[in-house]
Amino acid sequence: DAGITQSPRHKVTETGTPVTLRCHQTENHRYMYWYRQDPGHGLRLIHYSYGVKDTDKGEVSDGYSVSRSKTEDFLLTLESATSSQTSVYFCAISEGWGRVGSGANVLTFGAGSRLTVL
Amino acid sequence: AQTVTQSQPEMSVQEAETVTLSCTYDTSESDYYLFWYKQPPSRQMILVIRQEAYKQQNATENRFSVNFQKAAKSFSLKISDSQLGDAAMYFCAYRSNTNAGKSTFGDGTTLTVKP
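Top line first, the protein sequences correspond to chains D and V. Using my numbering, read the first sequence as starting at 1 and increasing by one per residue. Using my numbering, read the second sequence as starting at 1001 and increasing by one per residue.
It should be emphasised that the hints constitute simulated quantities derived from the structure, not laboratory data. Predicted model, so just to flag it, every value in this text is computed and none were measured. Hints may contain errors.
[As the list claims (entries may be wrong)] In silico lysine-lysine, DSS-like type, Cα no more than 25 angstroms apart, as pairs: (1) D/Lys53 - V/Lys1102; (2) D/Lys57 - V/Lys1102; (3) D/Lys70 - V/Lys1102; (4) V/Lys1055 - V/Lys1070; (5) D/Lys53 - D/Lys70; (6) V/Lys1078 - V/Lys1114; (7) V/Lys1073 - V/Lys1102; (8) V/Lys1078 - V/Lys1055.
[Stated by the list, open to error] Sample of chain D residues facing chain V (criterion: CB under 7 angstroms; computed from the structure): (9) Pro39; (10) Gly40; (11) Gly42; (12) Leu43; (13) Leu45; (14) Val106; (15) Phe109; (16) Ala111; (17) Thr116.
[Claimed, not checked] If you want the ones that stay clear, here's a sample from chain D, every Cβ over 12 angstroms from chain V, calculated: (18) Ser7; (19) Gly63; (20) Leu75.
Glycine is no exception: its CB is placed at the ideal position from the N, C-alpha and C atoms.
Bound-form chain D, shown alone:
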């Protein structure tokens, strides 16, 4: 594997509670992404990071926040979980983007974190 781990892998929580998912990489890649996967929707981008303390919103960012204080860690926080946030969350990393070499453009994914909000 490419050295990307997500934790926890499974979590059940109740509506209104805060939840933090962690993505940890050992590849020293600059770019990190959080996606959610729901039936019939493929993968949708929540937030991404292009460096330490540099983050931006994706297409479904409402209700989520992120932080990246170190190159290797990218945290996704649900401040107050809702049932609509029940999903599988994937972290992905990338060395770069653009014409920097085709290998650098590849997204490498973590194993996913299944979150159930009751």
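We have chain D; now place chain V onto it with these hints.
Frame of chain D, contents of chain V only:
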């Protein structure tokens, strides 16, 4: 914004036969990358093949090949000599060469391989 459409929610193929999965996309960009990812029941996302838009030659990886039609914005995946292990959900993905390289995924095609 880019969109990726996979018009076949489900496909099936007989073992050892060939199957083609369809993908179309919409973009105003001229430089980008396209990918096919495989997601088996284990849920792990695995890169199958990639194509640089500035290259006219279609990418191939062993039994997997693509038919990239840039003008038609079409990017289909052909799997030859299908194997039971090919059964999975397949996602087509577009990656921009601008905007921090954000990727857009299709909704996926579930491939069943019949023995």
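Checked hints:
Using a Cα cut-off of 25 angstroms, the hinted pair D/Lys53 and V/Lys1102 holds, with the two alpha carbons roughly 18 angstroms apart. Of the supplied pair hints, the one linking D/Lys57 and V/Lys1102 holds, its CA atoms being roughly 11 angstroms apart against a limit of 25 angstroms. Restraint check: the Cα-Cα separation between D/Lys70 and V/Lys1102 comes to about 21 angstroms, which is no more than 25 angstroms; the hinted pair holds. Under the criterion of a C-alpha separation no larger than 25 angstroms, the hint pairing V/Lys1055 with V/Lys1070 is consistent with the structure, at around 10 angstroms.
Under the criterion of a C-alpha separation no larger than 25 angstroms, the hint pairing D/Lys53 with D/Lys70 is consistent with the structure, at around 8 angstroms. A C-alpha spacing of about 17 angstroms is found between V/Lys1078 and V/Lys1114, which places the hinted pair at or below 25 angstroms, so the restraint holds. Taking the CA atoms of V/Lys1073 and V/Lys1102, the gap is about 18 angstroms. The hint holds against a cut of 25 angstroms. For the hint pairing V/Lys1078 with V/Lys1055, the CA-to-CA distance comes to about 18 angstroms; that is within 25 angstroms, so the pair holds.
With a cut of 7 angstroms, the hint placing D/Pro39 at the interface with chain V is violated, because the nearest CB-to-CB distance is about 9 angstroms. Because the beta carbon of D/Gly40 sits about 6 angstroms from the nearest beta carbon in chain V, less than 7 angstroms, this interface hint is met. This hint holds: D/Gly42 has a C-beta 4 angstroms from the nearest C-beta of chain V, less than the 7 angstroms allowed. Against a cut-off of 7 angstroms between C-beta atoms, the interface hint on D/Leu43 holds, since the closest Cβ of chain V lies about 4 angstroms away.
The interface hint given for D/Leu45 holds, since its Cβ lies 6 angstroms from the closest Cβ of chain V, which is under the 7 angstroms cut-off. A cut of 7 angstroms between beta carbons decides the hint on D/Val106: the least distance to chain V is about 6 angstroms, and the hint holds. A distance limit of 7 angstroms between C-beta atoms decides the matter here; for D/Phe109 the minimum to chain V is near 4 angstroms, and the interface restraint holds. At a threshold of 7 angstroms, the smallest CB-CB gap from D/Ala111 to chain V is about 6 angstroms, leaving the interface hint in force.
For D/Thr116, the interface hint is violated, since its Cβ never comes within 7 angstroms of a Cβ in chain V; the closest pair sits about 15 angstroms apart. Against chain V, the non-interface label of D/Ser7 holds: every CB pair exceeds 12 angstroms, the least being about 15 angstroms. Every C-beta of chain V lies more than 12 angstroms from that of D/Gly63, the closest at about 19 angstroms, which supports listing it as non-interface. Separation of D/Leu75 from chain V is adequate, the least Cβ-Cβ distance of about 19 angstroms exceeding the 12 angstroms criterion.
Hints 9 and 17 from the earlier list are contradicted by this structure; the remaining hints agree with it.
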